[in-house]
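Number of protein chains: 2
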Amino acid sequence: MAIAVDVMGGDLYPQNPIHGAIKAVNEKNIDVVLVGDESCIKKELDRHSFDSKKVEIVHATQVIAMDEPIASAMRSKRDSSMRVCFNLHKKKEVSGVVSAGSSGAMLAIGRFVLKTIPGIDRPCISALLPSIKDKKVLLVDAGANMDCSPQNLFQFAILGDVYMRHILSVENPAIGLLNIGSEEGKGDERSKHAYSLLKDSSLNFTGNIEGKDFFKGNSDVVVTDGFAGNVLLKSVQGAASYIKAVLEEEIKRSKRSLLGALLMKPAFRGLKKRSDYAEFGGAPLLGLRGNAIVCHGGSNPEALLFGINFAHWAAEAHLVERMEEKILEFQDTLSRIQG
Amino acid sequence: MAIAVDVMGGDLYPQNPIHGAIKAVNEKNIDVVLVGDESCIKKELDRHSFDSKKVEIVHATQVIAMDEPIASAMRSKRDSSMRVCFNLHKKKEVSGVVSAGSSGAMLAIGRFVLKTIPGIDRPCISALLPSIKDKKVLLVDAGANMDCSPQNLFQFAILGDVYMRHILSVENPAIGLLNIGSEEGKGDERSKHAYSLLKDSSLNFTGNIEGKDFFKGNSDVVVTDGFAGNVLLKSVQGAASYIKAVLEEEIKRSKRSLLGALLMKPAFRGLKKRSDYAEFGGAPLLGLRGNAIVCHGGSNPEALLFGINFAHWAAEAHLVERMEEKILEFQDTLSRIQG
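Quick note, the sequences are listed as chains A and B, same order. Each residue of the first sequence is one higher than the one before, counting from 109 in my numbering. Each residue of the second sequence is one higher than the one before, counting from 109 in my numbering.
Calculated directly from the structure, the hints in this document are not laboratory data. Ideal Cβ positions, reconstructed from N, Cα and C, are used throughout, including at glycine.
Take a look, some chain B residues computed to stay more than 10 Å from chain A by CB distance:
| # | residue |
| --- | --- |
| 1 | V166 |
| 2 | K199 |
| 3 | R219 |
| 4 | E279 |
| 5 | N312 |
| 6 | Q439 |
| 7 | T441 |
Facing chain A, a subset of chain B residues (Cβ under 8 Å, in silico):
| # | residue |
| --- | --- |
| 8 | I240 |
| 9 | K320 |
| 10 | F322 |
| 11 | A348 |
| 12 | I351 |
| 13 | L355 |
| 14 | L367 |
| 15 | A369 |
| 16 | P374 |
| 17 | G378 |
Modelling step: build the complete structure from the supplied sequences, incorporating the hints.
So, in structure tokens, the structure goes:
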């Protein structure tokens, strides 16, 4: 089944989403449904060559802006490209949804249209980050849910476990809890409570993990509240930009350094390639009854291709069914801890 | 008046704290009181030359280990070097305390011995971080206080404001609130409430600041709960280590890159120097009725010198009195919001 691509999302639409979708068709043999303004799409498609049997267009009259308040996007934009994507998924006409639009809107509309998997109170946004071991680390929640309960964190852990097993083929994912120290008993009340829930479960819980150890890659899944997850994700981006800017200034101080930087170009490119989390295919929304991926607003066609490919994998792997099964395994625990 | 230096704290004690203290004597003309095992100190002092009128030794029989539970350190180590430092400060025999020991123990003992400034419920640990503009940014709280109330955050903002005014001579410090988005109304309940307290106050509140913008240096003080502050601080350290490790691997892939890295050495050194937050003199504990600085456990003598110098500045600037005055200005607000 095809993947629906919201071509009206991201900083450079419809060009980048359409280009990414065509790459998915040509390079990965994935069928796509392009959702958005039909005339725009047709015009843009003229620039590409592809097997037309594998590309369908569905017209949508509205666009949700990146900074649009979610409530208004939900209420007054029932024919937005994003909403239409989810409607197609709900009707089982596509097997997944990909957008580079607003992640808040994706989550709200996804939740409204598809609902959550039974047993999951709040779906979360996950982010696949790099690590020194070149093993990917899944951060859940990466910024969707504020004021999470320890129970929410426990649910995120289950979702992360299933994702890493079935999409990244990690055998028995190591689950870490983001905290301010590695010993048991550290952190705020939420973390202490979540620690005990995880410790008492059959998940492969490996204890607390501090920010400084996140990128060592000892955990496959790192669980946290959306506030702390967002702080981690964005402060790391900020630190990388800082390092780049200061290093560029320092390089300009001497011709010797300038020459050195020139010779080091391949090494810098290698670092960028290994670190660029856009390359890892955007952020899967986990806990919905469907497969949805939000790509970064600045995603290039390559990043969108990855996102589409991930959505396709998730559908092929029957990820939602796998999550439903896993939640059933934990049914007793989940109903006990809700109490 | 002298600064008390806990010579039994940090990874390499008593060597580094004593070396740092002697540097403060010789390079900054600051008197010091070295607190710890007397025979150890005397032996170590033989390796240095200094004006003996400016160095005093106070014997303490106990040492608090870095990973020692704080409750036991408080209860059973009444003659620890750290506790003796604070006792000297309480008796006004020294004007400040510097240690590279456990920050949790510093805060607990400091609070127990010195008490907090009236109007301040919880003292905080602050961290001075670098920014692209080479302006320092003060993060409060950097990891001491879990489960903060919005009122705590408001108090941290006042403390940070006074610190930046009187120690770093920032005229009208811009106060930012760490959050997951820049617009008003973003974040968890605590952040939303703290936003309204800050906005309604006479502080120079400039709104929410996201992790990705922290290092741009648009705020002088960034206020947050100790959990998020610690996540920011440590994940940034982790990201820097990741970048260093991956770049080193990439460099080794070719002789050309190796040569480039060699030529770039001064630029890398410049980056390190500008980024190394240990160089900024450790973490001031704010809100205590006294001047206390915690240096990183791995501090070299230079970093300890900076810490001692900062404690000296704080005493010279009558920082505690300036904070007491500022709290008085906000007395009405503080008692109203406590309600």
